[in-house]
Structures are given as C-alpha cells and as structure tokens.
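Residue numbers (our numbering), protein chains in the order written: chain P, 38 to 548; chain R, -4 to 345; chain D, 13 to 293; chain U, 38 to 325; chain H, 142 to 507.
Hints were generated in silico from the structure; no laboratory data involved.
Please note that the accuracy of each hint is not assured.
[Stated by the list, open to error] Okay, derived cross-link-like pairs now, SDA-like style, lysine to any residue, Cα gap no bigger than 20 Å in a straight line:
1. H:K317 <-> H:E298
2. P:K542 <-> P:D226
3. D:K15 <-> U:R95
4. U:K42 <-> D:V121
5. P:K508 <-> U:K127
6. D:K21 <-> U:R95
7. P:K508 <-> U:L123
8. D:K150 <-> P:S411
9. U:K314 <-> D:S132
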Amino acid sequence: MIKISKFIGPATLLALAVAAATPAMAKDYTQFGIEKDLPGTCSYEATDAKDYSGRSLNVITHAIPVIGEPTALHAEQFAALTGAEVNVVHVPFGDLFQRIMIPFQSDQNAYDVLFYASLWIGDFNRFLEPVPQKYIDSTGMSDVTDSFTGVATWNGEMIQYPMDGDRHYLKYRTDIFDNAEVQAKFLADTGSALTVPETWEDYNKVAAYFNDRDWDGDGELNYGSAEVAKRDDLMFSAFISRAAPYAKHPDVKGGFFFDLETMEPLINSPGFVRGLQLFVDAQKSFPPGGNNFGLGDEIFSFGGGQTLMSYSWDDAYVQANQKDSRIRNMVAAAPLPGAGEVWNRDTGTWDTFATPNRAPYMTWGWSSAVSQMSEEKEMAFDFLCFFANEANAKNDLQIGRFGVNPYRNEHLDVDFWKGQGWEDKTAESYVSTLSDMEESQNRVFDLRVPGVSQFMSSMANGVAEAMAGQKSAQDALDGVAKEWAEITERIGKDRLRAAYANVVKLEDNEG
Amino acid sequence: MLQIDHLTTAKAKVSLDNVSFLFEAGNIYTILGRTGAGKTELLRALMGLNPLINGDIKLDKENITKRPIRDRNMSLVYQQFINYPHLSVLDNVAFPLRRQGKKKAQAQALASTMLTTVGLGDFLHRRPSQLSGGQQQRVALARAMVKQSRILMLDEPLANLDYKLREQLREEFPRLVADNQESVILYTTTEPREAMELGNTMIVMHDGEIIASGPPADLFAHPPTKDTASVISDPPISFISGFVRDQVLYFGEGQLAPSEGLQLPPDGPVTIALRPDAIEPGGAFTAKIGLSEFSGSQTIIHLDFDFGRAIMMVEGIETFKSGDNLSISIQAEQMMLFAPDGRNITLRDN
Amino acid sequence: MNKFYHTLKTLFLLGWSIFVVFPFLWALSTSFKDANAITSGATYIPWVDFEPSTQGWTSLFTNGSQGINIVGPFIDSAAVTLIASLVSLILGTLAAYGLSRFEYRLGFVKNADITFFFISQRIMPPIVLAIPFFLMLKELGALDTIFGLVLVYVALLLPIAVWVMTDFFAGIPKELDEMAMTDGCSPIGAFFRVILPNSVPGLVVAGMFCLIFGWNDFFFAFTLTFTETQLLPVSIVSLNSSVTPWWSLSAFALISVAPLALVAIVVERYMSRGTMSGAIR
Amino acid sequence: MLSSKHFFLLPALLTLVAIILFPLLFTVRVSFSSWDVFQSGLDFIGGSNYVRVFADDRFWQSLQRLSLLSIISVSLQYTLGFALALAVWKQVRGGRLLRVLFLIPMMTTPVVMSVIWRTVFHESLGPVNDILSAFGVGPVPWLSSATGAFISVLIVEVWQWTPFMFLLLLAGLVSLPKEPYLAAAIDGAGTWRTFWQVTFPLMAPITIGALIIRLIEASKIMDTVYVLTSGGPGTATETSSYYIYIRGLRDFQIGYSAALSLVYLVIMIISLTIIAKLLLRTLVGKDE
Amino acid sequence: MAKIVLENLGHSYLSNPKGEHDFALKPVNLTWEDGKTYALLGPSGCGKTTMLNIISGLVPPSHGRLLFDDQDVTSVPTSARNIAQVFQFPVIYSTKTVRQNLAFPLECRGMTPSKIKQRVAEVATLLDLDYALDMPARKLSADQKQLISLGRGLVREDVSAILLDEPLTVIDPQMKFMLRRKLREINRQTGMTMILVTHDQSEAMSFADEIVVMKDGLVQQSGTPEELFSQPQNDFVGYFIGSPPMNMITLEPNLGSLSTEAINLTKPLPAAMPVGNNVSIYQMGIRPEHIVMVDKESDSIGKGTIIKIEHLGVDGVVTLKLPTGVIIKAKTRKHTEMTLGDTFGIRVCKKNALLYIDGTLSSSLN
C-alpha cells in the first residue's frame, strides 16, 4: 500500500513540483539526497527526460531497510522524475520466494519488478525477461565485475539486473588483534601468537579464548564469534562458508555440491562433515542465544561491539563503521579462514596444504529482474537502470542498512571508502579482501538450480539438527544427502544437471 | 367449535397418543393431569408448535392441521411469564394487533383498554422485567386475549405465582375472559381444585391420552377410572387393595358387607378408593394416627391401617396426637371400587 | 477469607498484571530507542538509561524510504475487518438461529453435524488454503482487493459467529419465538421482530470475536495481496528485515493494539453486567 | 416453515460451501499431483505423496510436538484463566481495570506481539536475561536451547490466549447461581472443596467449549513459532502447521504439502472429536 | 439443636436507613424453641427471605442480635453456624452419587469413614433412599433431590436448625403431599428444629407448629396455626391465612354499639373513641368456614342468595349475596346439593365473629 505518488509528504511534493516545472535548471538533483548527478545511461537527467505519467509499476522487494529502503527511495525518485506511479511491497526474506513464485506459477501478473536473492535464478529463470541489449550496453552495466555478471547470467543470457554484490569474508576487531598487550597475554596463555585466523580451527580457538570476557572494558561481557545460526534465516550460507575450504579442492573440478556427471550429492562427504563439526564446536564461543541468531542479530552483535569476530555479508562491517558507531574504525576485513587439509574426492584422501586452502564463497546477494508477464517492461528496466545508476549506487553503498555492497570495479577503490571517513586499515583491508576474491580461482557459488530452496532448507535442517545436538555431524549430513537424492529424483537428474552446469562453469572458471 | 381427531405426536418422553375431542365455543375446558401427562403437548400440537404424525385439527369444520402458526387464530399463555423483553407493556399487548395489520394508534388504544381490564392501566410504559411475577403474567394474559382469537389456551398460567396471588387471579379469571365469549378456552393445571373451580368441563389427561371428561362435579363424584381418581382430589384419594368374595369386601383384617350406598361386584380383586371424606372418626375400625395437619379450617389426618395408609379430612381444627390409636368408620357411600384394569365398578342403589 | 489466601490472591493478580503489561512497557521503552541504545544491552528508562529518539514513531507516518506509512494499511485493515465481520455476523446469526430452532436433515447429516461443519472450518490450517484461495481469487479477479480478502475472511469468521450465536440462541427460550408466531409473525418475522432485538449481548460478543480474529489475521492478508491492498499485520512484517528496526516495530505494535484495547473495555462492560451469560457457553 | 427454515441456514451454508469447497476439492486434487517449484500444474502421480507422508518422520515428530505443545499450553491457559477469573470474580479493588487489562493480550496481533517477545527474550540484548542476571540467574538460553525455545513459545501462547479462557470462564462465573455456594458453606466445605464440588462441575459445559475451541486454535499455532524460533533450534519447536508451511511455501512442494495438509486435517478432526467426547463424558458424565 | 432467639433483629440494605420503609426487615423479637417446626409466611418481598438469610448467615443483620442457645452468632459465618438448608431448587453435588452427597458434610468435618458410613446408612433409611445410594445424584427426580439436600443436613448431629426455603415449589402437587409428610415425620423422629419459608398458607399451616406471618418487612403475627386461623391479629392475617380469605363486613357505630344492616350481629363500641377527625373503620371478620348455612326458614342472623358455587372437591365455596348487597363466602361440604339462586339462612357463632378496628383485632371487645 505504499503508493509513493499518492502519499508523498507536502514538502517533498512542493520540491518535486518545482523541480519538474523548471527543466532548464534541472541539472541540480541534490534535493533527492544525492551529492550530485553523475553522468551515465540512466542518470537523473536522463530519467527526468522520460514521461511515464499515468502508468504504474508494481515492485516487490525485501523488507525495510535492507534493499527495501533503497527500493522505496528510488521508487519515490523515479516516480517524481517520470510521473509514473510506483507501488512497492516489502516482504520479509522468508516469504519473498513464495510471494514471487505463487503468481508466477499461476500466471498472475502481480509484479513488474522483482528484487530477490540471486540464487533463486534456478527457479525463476523461466519467468524472467532477458535484459535488453541497450541496458547491457549501458555505462553502469559495463563496469560490473565479472563475478556478478556471471551471477546474473543463465544459459548465456543475462536475465537478472545486477544491483548488489555479495560475498562472505571475515571481520575482526583491530583494537584487540593489534593490541600488543593482548597479543602478549594470548601468547603467554596459549603458546601461540595472536594472528588473524588462517583456518577455521584457528578461528574457533581464538573465538573460544576471547569468549565470555569483558575485553573491551565496558562492563558488559564480550564473546568470541557472532554467526548466522538460525535455521530458517541464512544459516545455510554460513555453513557453506565454513565447509567450503575443506570440501572445495582447487584441483578437483566438476562440482562442489554435486558430482556433475552422476549428480550424486557430495554434501555428506568428509569435507562437509569437517566443516559442520567445526560449526558445531564454534557454538560455545557464541554470545547467549547465538545459535538462534539471524543476520540481524549478527549485525547487532558484531556491529554493536559485542563480539570479536564475525563473517558473512558486508552489513555488520558497514554497521560497525557508521558515523555514530562506538567501534568505528576498530574493525578490519580479511579473507574467510581456510583449511590445512582438504578432501579430495577424486582420490578419496585428505590432501594437506602448507598454505591453507581458501575457497571464497561468492554467496548469493540481492539481484533484480523484470517479469516476463509484465506489461511495462520498458519502464521496468528503466527503473532498474535508474536504481543502479552511478549516483544512486555510490549513495547506497554508503548507507549500511541499505545492504547494497560493491559490485562494480569503481566501487573497489580505497579512496572512495576513505572518503566515507574510514581509516586506512579499515578501508584497505576491505577493498583488498573484496578484490582478492574477484581474482580467486577457487571460488564457490550458490547452488543455483531449480528447487534450490528445498536443497538449502534440507541442508539447513540437517545442520540445525547437528547444532542442536540431536544428531552427529555425519548422521545429520547423511540424512541431508538422502533427502537431496530424493529431491534430485523428483526434479529429474538431467534437468538438474543442465542447471548445475551453469554453476560449475563459474566455479571452474570457464564462464 | 374445535374438533381434534386422532392427534398423535412423534414418540418422545411425553407424546400424544390418538387424542380426539370436540371443544365447543363459549366453554372453559380445564385440562387436569400430572406433570408429563401430555397437557402441554396437546396445547402445543393444537398451536402447531409440535409436529403431528397423525390426526386432524378442525376449526369450525375447516381443517387447519397444516395451517401456519400465525394464521391459526389461537393464542397461548405460557407457564413461565414470557413477554417480549425489549418492548414496553403497552407494545407487548399491541404486538399481536400490529401483526394483524392494525394501525399503531388503534392497536395501542385497544391494548391500553385490555391492560386496564387486567389491572395494569398504570404500568403501560414499563418494561415487563420491571413488573412483579403476577403482573407479568397479567401482561401475557392481556396479550393473549386482546386478539380475540377463537382459541385461547393457558398452560398452567398460575403455577409460578404466589399462593394468594393465584387465589386472586383465579377469582378474577371469569371476569378477565368474559370478553372471549366466542372462544374456546383451554386451561391446563395440575391442581384439582383449580381445575374444578375454573372449568365448565374438566378433561383429565394421563400418559398422553384423554382418559375422562365432563362437568367437574360429576367427574369428582364418579371418576371413570382409577387414574382419573388419583389426580382429581386434593387432598388425594387413598387407594387400598382388597378383594370381594361371596359378596363381602375384604381388606386387611377389615371386611364390609354390601349396603344401601354400595353394592359389591362379583368375586375378585378390587382397588378400594377412599376419599378424604369417606373416613370419619368413631366407628369399628382402628387406625394409628401417622400425622395430623391443618389446612385452613380442616384437619387432615394421615392414618396407618393394618391394610394400608389413608387420609381422613375432618372439618374444624382438631388436634390429634401422632401415634395414638383412633377408631374410625368408613362411609360406604363415599367409597369407590375399581377393577384391576382400572375401571370404576362402583355400583350404588340410587 | 483468610489472610493467607487473600495475600496469595493479591500476589497472583499483581504478578499476572506485571506479566501482561511487561511486553507493552518494554515496547514503549524500545520505541524511543535507537541502534546504540539497543546494542549496548537491555535498557529501560529514557534519559536515565538511554537518550530517547522519536524515529520509531515518526517512521510510521513518513512515506516510502524513510519508513512505512501505516495510515493506508490501517484503513484497509479496518475496512476488511469490519465488512467481513458484519457479513459473517449477519450470515452466522441467521444460520445459528436456524440451527438452534429448526431440524435439518440431509441424509445422515443432522443439525449437530452441520454445526460441526461450520466449526471445523477453523481446524483447517491456513497453509492448506493459501494456494487454492490464491487461484480462486485469481479467477474472480479479486486478488489484491478488499473484496477478495473479505471473501476469505468471511470463511474464517463465519464459524466463530455461528459458534457464539448458536450457544446464545440456545439460551433464549424458544417459547419467545413461538409466542411471536402465535401473535401473528412468520418464522422470519419472529426472528427479526423479537429475537434479534433481544440478542444484542450475543451479537456484541460474536462481533468482538470476529473483529479480533479478523484484525489479527496475518497469513491470508499476506498471501492474497500484492501492492494495492495491504493490511496492518502485513505492513509490520515489512519491517522485519535482516536488520530489524526494533524501535519502529515497537511503536507499530503499540499503535496496532490500541483500537482493540477499546474493544476490551466494551467487552468488560458487558461481562460485568452478566449479560454475557448465554452468549458464551 | 419449510422455506423459512432454509432462509436461515442456507445463506451461510452456501456461502461457506462456495468459499471453501473449491479450495478443499482443489487441495485433494493437488495432493495427487507432483506440483513442485520446478513443475507447476496438475499431473497425476497417484498416491505417492501419501506414501511419502507416512514415511516422513519429521512430519510425525512435528505432530507429536504439536500435541504436546497444544495440550500443555491449553491446560496452562485454562488453569491460569480460571484462577484469574476466580480472583476477580468477587469484588476486588480496581477489579474493572484488572479485567480490561487481562483481556488486552488476546486483542493483540500474534505476529506483531511475537516480534516484541523476540526482543524480550533476546538473550544478550533483551530485558529478561538482564533482569534475571540481577538475581544471579542466567543467562537463560531462551531461544537457543530446545527446552528454552519450547518454553518461550509456551509463555507467549499463554500470554496471548489465557485472556480468552479468562473471558469465557469469567462470563460463566458471573452467571452462576448462589444457592450451591451457600449449600457448600453450610455443609462445611472449605474454599478448595467448594471449588471442586460446586464451581468446577457447574462450569463443566463452559470448560468443554472453551477447551475445544482453544485446542482448535492452538493446533494451528504458526505465527508465534514463525517469528520467535522459526521452528528451531534444530526442529525443537517445529509444529505441524509450520512444517507444512515450510514444505508448501518455502520449498514450494505444493503437491506434497497438500497431502500433508489433508492427512493432518483428518487426524485433527478425528482427535478433536475424540477429545470432545472424552471431555463430555468425564466432565458432564453424559453417556452420549 | 438449639433454641433460636431473634433479639431486636432487623435489616436494611441501605447503609443509613432513614425511616421504617427503608428496612427490608423491621426489627423483631422472636424466640423459637428447640425441636419444633416453624414457618415464615408471606407474599414475595415481605422480608421472609431476608430473615432466612440472616439466620443462615448469608446476610449480616444491620440491627440486633441472633442467638443460638443464648450464644451470639450474629457475626458467625454460615459454615460455623451448624444449620442446614434446603433450597427452592434442588442443590446437589452433581458429580457425586447419593451416598457421596450424604457423606460430604461429614467428610468436610473430618469424620472417620466408619462413622460416616453408619450415619449415611441411618439417614438413607430415614429418607427411604437406601435403594438409590449408589446412583448418580443428578439422575434422581426433583423430590428425591430435595430429600438429598435435606439428608445432607440430617447426617450431621450438630445441626441447630434446618432451614427450608420454599422447598416444594418444583414438586408436583401429589408428591408435595408425600414430601410434606416426610418432613414432619423426620421432625418428629429427629427432633430437629425446622424453619420453612413459604408463600403458601396451606403449606405453612399443615407443616408448622408455629407460623410467622410477614408483610412489608414487618412481622404481622406469630402463633400456632390454630391461633392464626381463629384469632388473626389483623385484616392482613385474616386475608392471608385461610382460603377463601376471611369475610370482612363493615360495621357502623350506632346507639352505643357497632352494627350492620347486613346481618344481625353487633359488637360493643370501644370506650376510647379516636381523637380528632380520624374516623376509625370498624369491621367484623368472619371465616367462611364458620358460616353455617341453614334452611332459610330456620333461625338465622341473616339471609343470602347463592350467586356462585365453586366446586373444590370434597368441599366447596358458596358465594352469598345479602339483601344489602354485601357479599360473603361460606365453605361447606353440602355444595353439591345447592343450586344458584337458592336462599339460605346464615348462622355464626358469636365468638367466631371478630371485631377489627382500623384493621387490627380488638382483643378486648371480642
């Protein structure tokens, strides 16, 4: 019911009226909250020139604020610039899939524009409109990094409109790790030096050491690790991050979750089991209630200064570095911990690595698309193009709660982040961590196949059972593998293989 | 004239079983019977409230068995004081007139007159809940009578009232229904005194059947069956088992030869019915006094004989001591005999 | 009443009152917090424990990007709830009256079975119905409309109205309607002229239950709408993002509870008069 | 009479049938199809969804959990609601205010209040553990341990729905006759005996109605679990409807979830009927 | 068992009663002896229920004291008063059997099981309920349920009095008769004081050794049934006791005596005439039962024509119209032999014609 064009506050309305009435002076768009309009295919100026009055656009997006808030903001701007009516509905993550899927499956043209998690491409691809060439050629699109162009592509065709970049990486507190006193004490207590964890074993050890102590001296207890562990939240992503280095052997090709040839699930292979075991062990370093943390809790916990380390999306990092944050510039980024031993399924052995094996998880992020059923496809793509224009993207990156993260090459610029008030280490470690992931040859991608929710929900359930102590790690994952086989059976191996090949191509760096 | 033929209702705890009767206009019929005898069911069946599985109802020769309730031209007063809680007393009584299509003013004028007749002229604008029980029942009565319907039925209308109020309304009753000369009035009650006092014709019901009917005095004097006799008197008639052999009536150790007042049936078992006035103090029989109690000017004495219990009623207030023995006589003229099948087999000379 | 018992009772009432009020007080306090006030552990009293902020409240009346505007959803919610409650109440009252006064028979199906059929609708978990309802409303072109939601809510609320009113009518002596019929009303007339005017307590209770269950439904409001029609519970979950704005949620919760708190006052009034006896059984 | 009796029943009956019949029949049809996220439409796969239901341990466990949860929560609601109703039945100072107050939770939207409760139970940032720690207790793993999560869900359910019981029972209490109480006092019965011998039997019909209605509603518990624990930790608070929800709308296995729903529906109707009969027999002593 | 004394006992539901009419029960002194039967009789709203509630302890009286065996129990709670009560509508413990119902008061008092068993057996025999002991109490008929209520009082050996609050209302007339007798027998056998509240004068007369007639919160007269019948203290008692009510014939002061043209019967004029304008009303009260109808030719104090005959069974009520238009009622057993329009002579024994001045029995002049 958020009808932007109808419920606009009087003041804004006046400002917009002035803006619309005086196109000659319209080079200044600062009343929209941006620093300045940046040139580009879908710049404010370019969009301003379009007239969609009397037409309307239905948009479904995530709940406020993550993605939901920028959607609403840009919808409001787009409406003001073009005269269109833009209706935005905000849906919590857990229900976003079905809210999009039900109309799709019942041929109901409910939404023109969709914002959703990129991994659902396997299910949605049949219902999405390919991005027209003129938008692929747009200034914004050409600068999108290869990873995220890849994520948006299905069978060689771009059907998602990239507007966010996501990956998991490690976040830690520099005021502890770089503190000489703490380092000395750690050495004395454990016999090893305090370094940023290189492996998940290290991570657990450091987390355990710093758990349940008031190491920042604010009178409240602090904890070791904040992780997303709530079953139906995004816990499956956390698990993949943890398991990837043990299960993704740089020399083994042909599938991470499945063996692409046989389509046998690999989810209960020793690599995954090791990852799960470490996840289970890590629970003792969680804050109280930590094993029921959703992403929001994790952000509050690490971003609020409660915990020493965390890994997942950028949100907590940005939150920690907000202007009013108590721990601003006391955090740094690093690649996800790796593994000293990696399971090699070709040989059936554990291979030892001198330099820990890293397997960066290019986890799903937000993406957008236009429905095939839409009767306003042109306006829909214009809106997405406007949403992701240079000025908006830069603006959105700066606001932590928006959940928009670097996905263009120009975003990976230390100076830009320093310009936001980030200090050297905070900005540099961030940019280098992100850039390095782009370079990696051992990346892991989401299982972007039809029925991905079923696979992930089954996996999350198994992981949750192990975490809750209901089953051992091996038993839990055996159960998951069995269910995966059943799901595979229902979907059909060939159909699944065809979809999974898209993912394997990216992982094996053939894309 | 209301004629009912073979009325039968579906089997239930209490149901009508093949009831036929002819009711004449201008008469008051009191229907006497115990709780569960079928009195209420009969009224409800006439009204159309209880479905019939057999039988016909004819009003002035016209068969109205299937006619909707609202067109039956009957009214019914319930035992519970039921009025429309949401309407004033005046509107309560005007309600049926309004349904007949009368204008509001006219209906209210008629209602107001009727309410004055029943003595509620000062309470027109109260709600029924603000009245006493007796007054509420007067409202119900007024509402039933104001329609001047062909059949006016009253289902134990006084049962829930105070004793003296009951007495007073009974006294007033003939005057209250004086306007309904053309109607058949049916009045049910469990009290024999009330039934005898109010009705021209008394009908006795038992187990869903009409077992006797006639002028109250005749029925009282000659109840045709034992079931009738058992409900028709207050204080109740006492029953004693006995038998006749060789023209002598034996009961316990007592025996009685036929006399002027009473002839005896052929040999066989009989039930002897003793009215409260059939026993008098002084005489050949000996009884133990179980209890004596006053009732107004009379004294009711519960007697224990060797052959059973009986009740004697003597005029005046006299004190008898419980446990004492008393010699009494039994008046053959007041005695009745019933056959084992319940038939009245009393034979008298006159 | 001995002293021990009295003390026990007072403590129990006190304890329960605190339990009842606690989440509201917490929400009230939280609605004036900001991120810093929340992440630093539990705080309670503004100015003492934390610096109050009004962003939770202002966001409810601001548009678009800065928050969610609850005025529209509030009106939609009220419209759907009121219309559906009214329709359910009318249909339910008629049916309940019929079930309490007449005998129905359809093969082996009797009154009790029909009543059970009505009430059994509540046993159905909403998930069962989500997709079929979606398809049905799609065929009717009623998706994302107030009409469509009213239709679904009627199915949801009708059993409640039937349940309450059947019990209520069972408490009204059937002699009352019989009397009306002998006084010249048709069965339908008897219902409207006599029974209905005397059913206000039952209607109030049934109406109240309909309002509560209608107002508070989340699932169908969520599944069967897109953008045009949006109900209050749905707009609150649109705040349930991965970063939850506790302050807006709290303010929102307090606002959405307010209208039904008024209902509580009405209900209490009827209850203490004892007029509800028979209305609930 | 024939037509008017239908005038009353038919509008509601037909409306309900019209609204509910299609969804119901459709669900039956769908349950024989393999409608899934990757395959929309009604093919026919026989009873294989049902075969799967009977082998689905997670479903049967969720049903057990649901029984446990709804029986415990409804019993608690009944006991507490009755106690509260008894406590404010007779004159109490501020009685009216208390009555209004006690009613309010049932007026609130479960999904909204669950969000608030989630913040209340937040183990490090919420007030409950903070207050408990002042007494040296805790931190209690409200949402992160199986028992804790179960208890949290119980607490929220009790908070939300005890008022419903309170309302029904208090309305019943105020309409009770006085004489039996006087008789009990004369017989020398104390508070406890009076309750069990007088109040409780007199309230039996209301008790049955209230318990059944609450059991029906409680068995659908969904919003609370959804917001509070998402069925976790592990599957500790996963109830049947939540499980069906996951299968149906998260996994989008429409065909399978339809089969689950119908099996669930049949089980619920049968067990509620049995419970109702049992209650009727034990509380009212009706033989049928 | 106890003597019950009402000492200046009165009650007003108002906190600060201003006058007489504010009292639901006007202060009264009464003494009830142990072991007798009493009835509180009056129309609804007369205060009889208030009095009963005061005795049972449900209502604390605003004035006066209540003594059980000279002990002040005014503020003793119901449970400690050792009374038993039977209510208008049967009160039973519906979940219990008859046996458990009867045992309940003893269980509450912590009596030993063997003693309970013995008492229950005794009482069941007394009430003829042996056969029903193991039946669920709720399945019994209304009159049996009333017996159970009574039995719960009887099992206790410490009962001071059994209060009966219109216990026969819901009972069929025929059963009423039996139950009433049962109550009397129990009173005789156990010697328990019983107090019956009723609006039915015949019930009160037949049940009670002594009746308290009440109206508007005021005790009108208290005495034996015989006294109430033959010497009603005022016109209300004359009206309320007896059916049909007492005939009241207005008398005029005439030549030093009070007389009427209707019948030939006079009463002496009271010595002290009322002062001022207050003209007193003089009436002669004659019970219908005391009017003897004789042949119109015989010696009589007046003649009347029959205008109505009510047939009540054994006896009947005959309404006579005297030549002056005064209407009187007579009760007779010969009604069946009479017809409307017949003229009869009337005789009344002088002692049965009572003088009432302003509605109050003038005891000195009768």
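### Query
Given the hint that K508 (chain P) pairs with L123 (chain U), does the C-alpha gap stay at or below 20 Å?
violated (46 Å)
### Task
Take the C-alpha atoms of K42 (chain U) and V121 (chain D), compute the straight-line distance between them, and say whether it is at most 20 Å.
Measuring from Cα to Cα gives roughly 16 Å; hence the hint holds.
### Query
Going straight from one Cα to the other, do K317 (chain H) and E298 (chain H) come out at no more than 20 Å?
The hint is violated at about 26 Å.
### Message
Holds or violated: K21 (chain D) and R95 (chain U), Cα atoms, limit 20 Å.
### Response
Outside the cut-off at roughly 43 Å; violated.
### Query
Between K508 (chain P) and K127 (chain U), does the CA-CA distance stay at or below 20 Å?
Cα-Cα ~53 Å, so violated.
#### Entry: 20 Å Cα cutoff - pair K314 (chain U), S132 (chain D)
holds (15 Å)
### Query
Given the hint that K15 (chain D) pairs with R95 (chain U), does the C-alpha gap stay at or below 20 Å?
Violated, because 52 Å separates the two Cα atoms, which is more than 20 Å.
### Query
Going straight from one Cα to the other, do K150 (chain D) and S411 (chain P) come out at no more than 20 Å?
Holds, at about 16 Å.
### Message
Run the distance test for K542 (chain P) versus D226 (chain P): straight-line Cα separation, threshold 20 Å.
### Response
Answer violated: K542 (chain P) to D226 (chain P) is near 47 Å, above 20 Å.
The structure fails hints 1, 2, 3, 5, 6 and 7 (numbered hints given earlier, in ascending order).
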